[in-house]
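Enquirer: Let the sequences and hints guide you as you build the complete structure.
Here the protein sequences line up with chains A and B, keeping their order. FYI, the numbering for the first sequence is 1 to 87, going by the UniProt record's numbering. FYI, the numbering for the second sequence is 1 to 87, going by the UniProt record's numbering.
Hints were generated in silico from the structure; no laboratory data involved. A couple of the hints might just be wrong.
[To be verified] Simulated pairs of lysine-lysine, DSS-like, Cα-Cα distance not exceeding 27 Å:
#1 Lys62(A) - Lys62(B)
#2 Lys50(A) - Lys50(B)
#3 Lys38(A) - Lys62(A)
#4 Lys38(A) - Lys50(A)
#5 Lys62(A) - Lys50(B)
#6 Lys62(B) - Lys50(A)
#7 Lys38(B) - Lys38(A)
#8 Lys38(A) - Lys62(B)
#9 Lys38(A) - Lys50(B)
#10 Lys38(B) - Lys58(A)
#11 Lys50(A) - Lys38(B)
#12 Lys58(B) - Lys58(A)
#13 Lys50(A) - Lys62(A)
[As the list claims (entries may be wrong)] Pair ranges (Cβ atoms, derived):
#14 Asp42(B) - Asp55(A): 23 to 29 Å
#15 Arg65(B) - Ala67(A): 34 to 40 Å
#16 Val59(A) - Thr39(B): 15 to 21 Å
#17 Ser68(A) - Ala67(B): 20 to 26 Å
#18 Asp35(A) - Ala67(B): 34 to 40 Å
#19 Asp57(A) - Val59(B): 32 to 38 Å
Just so you know, even glycine gets a beta-carbon here, dropped at the ideal spot from N, CA and C.
Number of protein chains: 2
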Amino acid sequence: MNLKRFFSRSASAPAARERLQVLLAHERASSGDSDLLKTLRDEIMAVIAKHMQVDGDKVSVKMERGASVSTLAVDIEVPFDGGKKAA
Amino acid sequence: MNLKRFFSRSASAPAARERLQVLLAHERASSGDSDLLKTLRDEIMAVIAKHMQVDGDKVSVKMERGASVSTLAVDIEVPFDGGKKAA
Numbered sequence: 001m002n003l004k005r006f007f008s009r010s011a012s013a014p015a016a017r018e019r020l021q022v023l024l025a026h027e028r029a030s031s032g033d034s035d036l037l038k039t040l041r042d043e044i045m046a047v048i049a050k051h052m053q054v055d056g057d058k059v060s061v062k063m064e065r066g067a068s069v070s071t072l073a074v075d076i077e078v079p080f081d082g083g084k085k086a087a
Numbered sequence: 001m002n003l004k005r006f007f008s009r010s011a012s013a014p015a016a017r018e019r020l021q022v023l024l025a026h027e028r029a030s031s032g033d034s035d036l037l038k039t040l041r042d043e044i045m046a047v048i049a050k051h052m053q054v055d056g057d058k059v060s061v062k063m064e065r066g067a068s069v070s071t072l073a074v075d076i077e078v079p080f081d082g083g084k085k086a087a
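Expert: Right, here's the structure in full:
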């Protein structure tokens, strides 16, 4: 997977903040059970919120449901001083 | 983000299994504190394991640490009958 190229666009963002991007892709053998991503989205957001100050205004969530592959993209911008909550 | 193109390669995988891919990118304002991804990796894997049968042999984890951007890619293959644990 060429992650470097995929994420390279984010490198041009202003330096005075942090940013976390989460991408999930779920490839299903059957066409049902497409709610796994929705569940994971909520639980992963809870995990992230434990470690970063997540401001609802600065979160972008995009879900795409296909016949066999569903994808979820979460993009979180964090002010520099809010990047660390508790290590 | 062009998720469709990025994940399109996985569409050619055999149909009798499920697959979950997780990608994280952390863009830091400073060069320290690069352990966030490691923490998130462990906690997100725990979240996923609640919902899917995750076999260690079928999990690929790749981390790349850059000066300002670190990335993490997790690729999980699940046998068809193991795709659902508890909804």
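Enquirer: Look at each hint and say if it fits the structure.
Expert: Checked hints:
1. Lys62(A) - Lys62(B): holds (24 Å)
2. Lys50(A) - Lys50(B): Judged against 27 Å, a Cα distance of about 18 Å means the pair holds.
3. Lys38(A) - Lys62(A): Answer holds: Lys38(A) to Lys62(A) is near 11 Å, not above 27 Å.
4. Lys38(A) - Lys50(A): holds (19 Å)
5. Lys62(A) - Lys50(B): holds (23 Å)
6. Lys62(B) - Lys50(A): It holds: about 23 Å lies between the C-alpha atoms, which stays within 27 Å.
7. Lys38(B) - Lys38(A): With a Cα-Cα distance of about 23 Å, the restraint between Lys38(B) and Lys38(A) holds, given a limit of 27 Å.
8. Lys38(A) - Lys62(B): holds (24 Å)
9. Lys38(A) - Lys50(B): Holds: Lys38(A) and Lys50(B) sit about 14 Å apart, inside 27 Å.
10. Lys38(B) - Lys58(A): holds (23 Å)
11. Lys50(A) - Lys38(B): This hinted pair holds, its Cα atoms lying about 14 Å apart.
12. Lys58(B) - Lys58(A): violated (34 Å)
13. Lys50(A) - Lys62(A): holds (21 Å)
14. Asp42(B) - Asp55(A): 23 to 29 Å: holds (25 Å)
15. Arg65(B) - Ala67(A): 34 to 40 Å: holds (36 Å)
16. Val59(A) - Thr39(B): 15 to 21 Å: The hinted range 15 to 21 Å holds for Val59(A) and Thr39(B), with Cβ atoms some 19 Å apart.
17. Ser68(A) - Ala67(B): 20 to 26 Å: violated (38 Å)
18. Asp35(A) - Ala67(B): 34 to 40 Å: holds (39 Å)
19. Asp57(A) - Val59(B): 32 to 38 Å: With Cβ atoms ~35 Å apart, the hint holds.
Violated hints for the displayed structure, listed by number in ascending order: 12 and 17.
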